[in-house]
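Engineer: Sequence:
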Amino acid sequence: MDDREIVAVQIGRPSRAKTTTVNRCHLGLPVVVRVPPVLEDGTPFPTLYWLTCPLAVR
726 MDDREIVAVQ
736 IGRPSRAKTT
746 TVNRCHLGLP
756 VVVRVPPVLE
766 DGTPFPTLYW
776 LTCPLAVR
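First residue of the sequence shown: 726, per the numbering used here; consecutive thereafter.
It is worth saying that the hints were derived from the structure and are not from the lab. These numbers come from a predicted model, not from an experiment. We put the beta carbon where it would ideally sit given N, CA and C, even for glycine. Any given hint might turn out to be false.
[To be verified] Restricting the straight-line Cα-Cα distance to at most 20 Å, the calculated cross-link-like pairs of lysine to any residue (SDA-like) are:
#: 1; residue 1: 743; residue 2: 770
#: 2; residue 1: 743; residue 2: 771
#: 3; residue 1: 743; residue 2: 730
[To be verified] For each label pair, taking beta carbons as the anchor points, the in silico distance ranges come out as:
#: 4; residue 1: 783; residue 2: 763; range: 18 to 24 Å
#: 5; residue 1: 776; residue 2: 726; range: 15 to 21 Å
#: 6; residue 1: 730; residue 2: 765; range: 15 to 21 Å
#: 7; residue 1: 730; residue 2: 770; range: 16 to 22 Å
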């Protein structure tokens with residue numbers, strides 16, 4: 726699985742934008758991803774950093 730697939734499982738849906746993993750857990754899985762401020766369709770996306778790990782969200 727690549728990061729895009731892992732993030733989709735973590736958040737329960739495909740990501741709306743291309744993300745960059747900025748932090749990983751001790752298992753090497755994405756914990757925090759960076760999202761561009763504007764999505765590909767031109768929609769503003771104000772949250773630049775997204776916590777994706779379900780264990781960290783709890």
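Engineer: Now tell me, hint by hint, if it's right for this structure.
Structural biologist: Hints, verified against the model:
no.	hint	in the structure
1	743 x 770	12 Å, holds
2	743 x 771	15 Å, holds
3	743 x 730	12 Å, holds
4	783 x 763: 18 to 24 Å	30 Å, violated
5	776 x 726: 15 to 21 Å	19 Å, holds
6	730 x 765: 15 to 21 Å	19 Å, holds
7	730 x 770: 16 to 22 Å	20 Å, holds
Checked against the numbered hints above, the structure violates only hint 4.
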